[in-house]
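There are 2 protein chains.
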Amino acid sequence: MQKKIPVILVTNDDGITAPGIRALVEAVRGLGRVVVVAPDSPQSGMGHAITIGAPLRLDKVNVFDGIESWQCSGTPADCVKLARDKILHEKPDICVSGINHGANHSINVIYSGTMSAAMEAAIEGIPSIGFSSLDYKFDADFSIAAQVATDLTKRMLSTPLPEHILLNVNIPVVTADTYKGMKICRQAYAKWDEQFDHRKDPRGRDYYWMVGKFVNRDTGTGTDVEALKDGYASVVPVTIDFTDRKTKEWLEREWDLPSR
Amino acid sequence: MQKKIPVILVTNDDGITAPGIRALVEAVRGLGRVVVVAPDSPQSGMGHAITIGAPLRLDKVNVFDGIESWQCSGTPADCVKLARDKILHEKPDICVSGINHGANHSINVIYSGTMSAAMEAAIEGIPSIGFSSLDYKFDADFSIAAQVATDLTKRMLSTPLPEHILLNVNIPVVTADTYKGMKICRQAYAKWDEQFDHRKDPRGRDYYWMVGKFVNRDTGTGTDVEALKDGYASVVPVTIDFTDRKTKEWLEREWDLPSR
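Residue numbers (my numbering), protein chains in the order written: chain Y, 4 to 263; chain L, 4 to 263.
Don't read these hints as lab results, they were simulated from the structure. Be careful, since some hints might not be right.
What the hints assert, rightly or not - Below, simulated DSBU-like cross-link-like pairs (lysine-lysine); rule was C-alpha separation at most 30 Å, straight line:
hint, chain 1, residue 1, chain 2, residue 2
1, L, K194, Y, K251
2, L, K89, Y, K194
3, Y, K194, L, K140
4, Y, K194, Y, K216
5, L, K203, Y, K216
6, L, K203, L, K183
7, L, K89, Y, K251
8, L, K140, Y, K249
9, Y, K203, L, K94
10, Y, K94, L, K216
Unchecked claim - Every beta carbon over 10 Å from chain L, so not counted as near; a handful from chain Y, in silico:
hint, residue
11, S72
12, D81
13, D96
14, P165
15, R208
16, S237
Unchecked claim - Here are some, though not all, of the chain Y residues that point toward chain L, as calculated from beta-carbon distances under 10 Å:
hint, residue
17, L91
18, K94
19, E123
20, V176
21, D180
22, Y182
23, K186
24, C188
25, T226
26, G234
C-beta atoms are modelled at their ideal positions from N, C-alpha and C, and glycine is treated no differently.
The shape of chain Y in the complex, shown without the other chains (with noise of 0.2 Å):
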């Protein structure tokens, strides 16, 4: 019996024009039935939104030679719901997200809409990995990253991850010369410290702006941060049940609560 072509969707959160999401459809193209579905527009910080109180948009676009392409009004997670109840028609072997144009690593991975496409597809138990560039300019080199995204695409689909269990995988800023290969990490303590900056709109009305600088409070080892700054793609297991077990623990001591 011949095995089944496997079916990869790729979204991103930059947008369906973005060189990242191209990028990345270089990188899978040979290795199954590929098929484009994000956003029609850039949702860069959109976290895990999703589009309850309106309805959605969906186009088929040509985009992408010899790949069946649609552009969709909604979050990266909206494009992963939508491509599988009204494309697919069923579950893709393999998700992969990105590549996005900045960093996704640390605290960052809770804001990610390139993580949070891939977060989606991993809650339908869809094999999934997101890809980000620590790269954030539009005209980044995303050839070390299509590189490590065709090798993990590759690993996932012959042996793929427990369920409901993504990756979140980071590259630096390197050339073939300066790469180092893949470490597997922990999810860095280090975020963007944020502030705002106040201005007057021309009718006299305060307005802010959201400005910050990214900061390790992180003073252990093995976080994909560090790898990161050692010229190391990160690549760190994320789980989508968010529960702290010991703190269940700490709560029946210390609040004395019963649990279930």
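Assemble the complex: chain Y is given as a structure, and chain L must be docked to it using the hints.
Showing chain L alone in chain Y's frame:
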């Protein structure tokens, strides 16, 4: 030396005029200096969205008797960030979010704007709790939920949880007679199974509404969904570290990748 009066930041995702946040304000009013910073319009399903490509508005409003209140044009996570930087100028002693009109148990924690505000506070190292009632109606009876909120806010102020851990609290539709108390639970693998209702607009273009039904696929014990069904309020300790440590070992073994 007199003890400092605790500062209690209240926010939500249904918007500052929702009855749920009014119930929460009343529930914590006697426990410290209450400051409300909440979205100026409903933000349900916003996940952990933040506003990075647009400026934010923040306006002082008079909504609650004798309580300093601000409405913000951003997401629930934006509200917490702005509150700290521009209103409180320091960390509050606790952040409480809700009371949400509708459940945020199980996988819903990932999509929840209510929980994203509480999670944002936990990221900053602020003790925080998200409260949600399973009664999604506008005129829901929040009396038991408010009682739970008072109780848990007191506990958190006197004995805060380990840093960066927050609580996801859901309250069933109960009366004083049928309410059974609180149970510490784990997050169930239970979720909305979504489909899309396909329609044509007056110009003949396709559009889609998300619809779905809630399904509990979790066969284990100790879940929030189970506890709620039995009339208990569910209390789930939630982490902001999504790393799945078990799968780190799996990756070393099965994919032969090195750990950092």
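Verification of the hints:
1. K194(L) x K251(Y): Roughly 22 Å separates the two Cα atoms, so the pair holds.
2. K89(L) x K194(Y): holds, 19 Å
3. K194(Y) x K140(L): violated, 37 Å
4. K194(Y) x K216(Y): holds, 8 Å
5. K203(L) x K216(Y): violated, 46 Å
6. K203(L) x K183(L): It is violated: about 48 Å lies between the C-alpha atoms, which goes past 30 Å.
7. K89(L) x K251(Y): At roughly 34 Å apart (the allowed maximum being 30 Å), K251(Y) and K89(L) break the hint.
8. K140(L) x K249(Y): It is violated: about 35 Å lies between the C-alpha atoms, which goes past 30 Å.
9. K203(Y) x K94(L): holds, 26 Å
10. K94(Y) x K216(L): holds, 18 Å
11. S72: holds, 16 Å
12. D81: With a cut-off of 10 Å, D81(Y) comes too close to chain L, as the shortest Cβ separation is near 8 Å.
13. D96: For D96(Y), whose nearest Cβ neighbour in chain L is about 17 Å away, the distance exceeds 10 Å, so it holds.
14. P165: violated, 6 Å
15. R208: violated, 7 Å
16. S237: violated, 8 Å
17. L91: Violated - the Cβ of L91(Y) stays beyond 10 Å from chain L, reaching only about 13 Å at its closest.
18. K94: violated, 12 Å
19. E123: At 9 Å from the nearest chain L Cβ, E123(Y) passes the 10 Å test, so the hint holds.
20. V176: violated, 18 Å
21. D180: Check failed: Cβ of D180(Y) comes no nearer than 20 Å to chain L, outside 10 Å.
22. Y182: Violated. Min distance 14 Å.
23. K186: This interface hint holds because 4 Å falls under the 10 Å limit.
24. C188: With a minimum Cβ separation of about 5 Å from chain L (threshold 10 Å), the hint on C188(Y) holds.
25. T226: Cβ of T226(Y) sits 7 Å from chain L, so the hint holds.
26. G234: violated, 12 Å
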